[in-house]
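For reference, the chains in residue letters:
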Amino acid sequence: MNGSTGKMLRVDLTQGKLWDEALDEATLKKYLGGTGLGIKYLMEEVDPKLDWSDPKNILFLGSGPLGGSRVPGCASISFVTKGAMTNGATSSQANGNFGAYLKWCGYDAIIVQGVSSTWKYLYLHEGGAELRDASQLVGKGTWETEDAIKAELGYKERGMSVFSIGPAGEKMVRFAGIFGDRGHAAPHNGTGAVMGLKKLKAFAAQRAPNKLQFVDPQKLGELAKKTTEGAKAFGGGGVFNWGTSRVVPVAEAAGWLPVKNYQTDVFPEKDLFDGQRIRSLFQSQNYPCYGCASHHYELVTVTEGPYKGFFGKEPEYEQWAAWGPQIWQKDPGAAVVLSNECDNLGMDANEAGWLVGWVMECYEKGALKKEDLGGLEMTWGNVEATRALLKKIANREGYGDILAEGVKRAAEKLGGEAVNWAIFTGKGNTPRGHDHRGRWVEMLDTVVSDSQTLQTQMLVMNKDLWKMPNPMDVFNPDHVVQAEANSTGSMTVCDCLVQCWFTSFCDTETQTEAINAATGWNLSLEEVMKVGRRVVNVLRLYNLKCGLTPDKEKPSPRYCSQPVDGPNKDKPIAPHWEKMLDQYYSLMGWDRKTGMPLPETLKELGIEDLAK
Amino acid sequence: MKSSVAEVKDKATLRVNVEVMSWLKEDFNHEGWDKLVFDQEILRDSSIMDLLQELAEKYPEFKQKAYNDSRHNLMDYCAIIYNGTFISALQDLDIELQEGDNVKLTPGFYGG
Numbered sequence: 001m002n003g004s005t006g007k008m009l010r011v012d013l014t015q016g017k018l019w020d021e022a023l024d025e026a027t028l029k030k031y032l033g034g035t036g037l038g039i040k041y042l043m044e045e046v047d048p049k050l051d052w053s054d055p056k057n058i059l060f061l062g063s064g065p066l067g068g069s070r071v072p073g074c075a076s077i078s079f080v081t082k083g084a085m086t087n088g089a090t091s092s093q094a095n096g097n098f099g100a101y102l103k104w105c106g107y108d109a110i111i112v113q114g115v116s117s118t119w120k121y122l123y124l125h126e127g128g129a130e131l132r133d134a135s136q137l138v139g140k141g142t143w144e145t146e147d148a149i150k151a152e153l154g155y156k157e158r159g160m161s162v163f164s165i166g167p168a169g170e171k172m173v174r175f176a177g178i179f180g181d182r183g184h185a186a187p188h189n190g191t192g193a194v195m196g197l198k199k200l201k202a203f204a205a206q207r208a209p210n211k212l213q214f215v216d217p218q219k220l221g222e223l224a225k226k227t228t229e230g231a232k233a234f235g236g237g238g239v240f241n242w243g244t245s246r247v248v249p250v251a252e253a254a255g256w257l258p259v260k261n262y263q264t265d266v267f268p269e270k271d272l273f274d275g276q277r278i279r280s281l282f283q284s285q286n287y288p289c290y291g292c293a294s295h296h297y298e299l300v301t302v303t304e305g306p307y308k309g310f311f312g313k314e315p316e317y318e319q320w321a322a323w324g325p326q327i328w329q330k331d332p333g334a335a336v337v338l339s340n341e342c343d344n345l346g347m348d349a350n351e352a353g354w355l356v357g358w359v360m361e362c363y364e365k366g367a368l369k370k371e372d373l374g375g376l377e378m379t380w381g382n383v384e385a386t387r388a389l390l391k392k393i394a395n396r397e398g399y400g401d402i403l404a405e406g407v408k409r410a411a412e413k414l415g416g417e418a419v420n421w422a423i424f425t426g427k428g429n430t431p432r433g434h435d436h437r438g439r440w441v442e443m444l445d446t447v448v449s450d451s452q453t454l455q456t457q458m459l460v461m462n463k464d465l466w467k468m469p470n471p472m473d474v475f476n477p478d479h480v481v482q483a484e485a486n487s488t489g490s491m492t493v494c495d496c497l498v499q500c501w502f503t504s505f506c507d508t509e510t511q512t513e514a515i516n517a518a519t520g521w522n523l524s525l526e527e528v529m530k531v532g533r534r535v536v537n538v539l540r541l542y543n544l545k546c547g548l549t550p551d552k553e554k555p556s557p558r559y560c561s562q563p564v565d566g567p568n569k570d571k572p573i574a575p576h577w578e579k580m581l582d583q584y585y586s587l588m589g590w591d592r593k594t595g596m597p598l599p600e601t602l603k604e605l606g607i608e609d610l611a612k
Numbered sequence: 001m002k003s004s005v006a007e008v009k010d011k012a013t014l015r016v017n018v019e020v021m022s023w024l025k026e027d028f029n030h031e032g033w034d035k036l037v038f039d040q041e042i043l044r045d046s047s048i049m050d051l052l053q054e055l056a057e058k059y060p061e062f063k064q065k066a067y068n069d070s071r072h073n074l075m076d077y078c079a080i081i082y083n084g085t086f087i088s089a090l091q092d093l094d095i096e097l098q099e100g101d102n103v104k105l106t107p108g109f110y111g112g
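Residue numbers (this note's numbering), protein chains in the order written: chain A, 1 to 612; chain B, 1 to 112.
Possibly wrong hints are sitting among the right ones.
Unchecked claim - List time: in silico DSSO-like cross-link candidates among lysine-lysine, alpha-carbon distance up to 27 Å: (1) B/K11 / A/K232; (2) A/K330 / B/K35; (3) A/K225 / B/K63; (4) A/K545 / A/K530; (5) A/K530 / A/K226.
Since the hints were made in silico from the structure, they are not lab data. Source: prediction; values computed, not measured.
Full structure from sequences and hints, please.
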């Protein structure tokens, strides 16, 4: 099949069996791949009433029709499972190389079912796939695991892609993620906890020879170039040239940098975290994903301060935010250390940042004391105490065991006023590392999301195509709702193709051309857009059955509080919230009371049968 | 008594403080990570929009990217913070500038 290997790998860990399963073209056309394919199988195979920790939960990982091609950003991988934070559907994507290598090894996707009695890792290679003993990897961090597997199997740095869990995943920390290719992450909603449940330490895929067939390779090559040129030009090329490394001062200026657990929006040291400064002072080395020419991803050696000599991955914006302003920490070198140690332990940096910031506020206000925290003095910006606390959380030691449940559950357990200081959503999923009080579209998106990550982006390549208000007032509630509802599915298309947003910027037109050049399906632009909306609605149907009902679609009090300073201090979202939800449901074609997609919505998307 | 040419010019214009941030600085021919802050002289009664257009005339790369790219509008490309307040509505660009006002320009980035 053009653009597809035509099969996926089934792995039954309970029985230790592996087998191939054919993929049919009609299903691929309906869901494209990645997240779409994953939610289809989750819906069919995992009873929503089961707890995420039930052995019958599955872990899906998949590429899309452009995976393994030269179209930039399409070597990413999407993980789908019933997640630990919300006990509902999740889809989380990681960049890197795994999506391409997976397809070159002969599979579009993998479904892992059952639970192993001993620790294993899955090895994919040109000749097939096998489960291998991982007992020697237990307790190792994600970077160490990557090194150890490559050494054991004799692969060079880029000759293999490894995605693994760290100690946090092994201990089923609820916000454990899956990490690979030197710090790329699929961290949302406890994907790593599900691997820990299954006693599956890692996925390792050889860079096998590319034998994929595409229907029009020349056209696909032209579209790959067009995608690169689009990424180079979009928004002035800042992301192409710098990735997200230069966003901290930008975010502070516009009032969406999370500072001191949302207690202020002013971070005087913001310029120290400017990526241009970092890349001038620290030693940086480009480490691109397969097929991508951007400077989004770099490795870095700290060259000044107390952590001079530390080598790791350059933090993404959200990691800078978590390990800098959110915990009132002012040394970029220390942020590099905390970011990499959090990755190596295998935890979502966003949730970990909200958690540590909340602990620091509790410590400042006396709700948590040194003796509660195993002797740690969790003062604002205390780097060494934070390093120690992250280890306690990952290993579920002492109070770390409670914190390992995530900030919502930890705050609710501590009770009292401390609940009002925690940043979370009613469904339990984790906001990105922003102060969404300055980004209303993303707050709405985060709270209503059924993928547990973004379903849309305000910055799409073609705003008219997705009927975004233009010009848009980002603090006008009507504009916010229209932008969110009308463009919902734009990010989901990326997640079904498993294409990095930083290369595509939701350029659905070019994506459609590329799908057709790869597969020969001749899908229309409208059909591709409809796939995005279809998948959003399937995710919703599944989550409603999991009990994630509309009453849970609320930001926590701190999350939607009015900023006390900064450029958005006079712009509270809370007074508008309920009306915004009313409008959003109406535009989405959902019943306001039950949250169910209306019959006409289901019919339009061709998923009537799934509502039963 | 007639005013001198310099005095007339002084009364007819005002100065605002402009800071350009992050990769937007490249449009203003500025390399390096140090701050780009300058005073911009502009006719009295000018609005924020007038200031932006004046800057666009002075800096062609900014003009090209902010005004002449069909994929986005000005406020997608460039976020504007006026005297410490984020400007989100197009009509607020009509605010009349005063002597000593601060205008911060930063990439209109919504990702990360």
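Comparing the hints with the structure gives:
1. Pair hint B/K11 plus A/K232 does not hold up; C-alpha atoms about 44 Å apart against a cutoff of 27 Å.
2. Taking the CA atoms of A/K330 and B/K35, the gap is about 19 Å. The hint holds against a cut of 27 Å.
3. As the CA atoms of A/K225 and B/K63 are separated by approximately 26 Å, the hinted pair is consistent with the 27 Å bound.
4. Simply put, A/K545 and A/K530 have alpha-carbon atoms about 23 Å apart, close enough for the 27 Å limit, and the pair holds.
5. Simply put, A/K530 and A/K226 have alpha-carbon atoms about 23 Å apart, close enough for the 27 Å limit, and the pair holds.
In summary, the structure is inconsistent with hint 1 from the numbered list given earlier, while agreeing with all the others.
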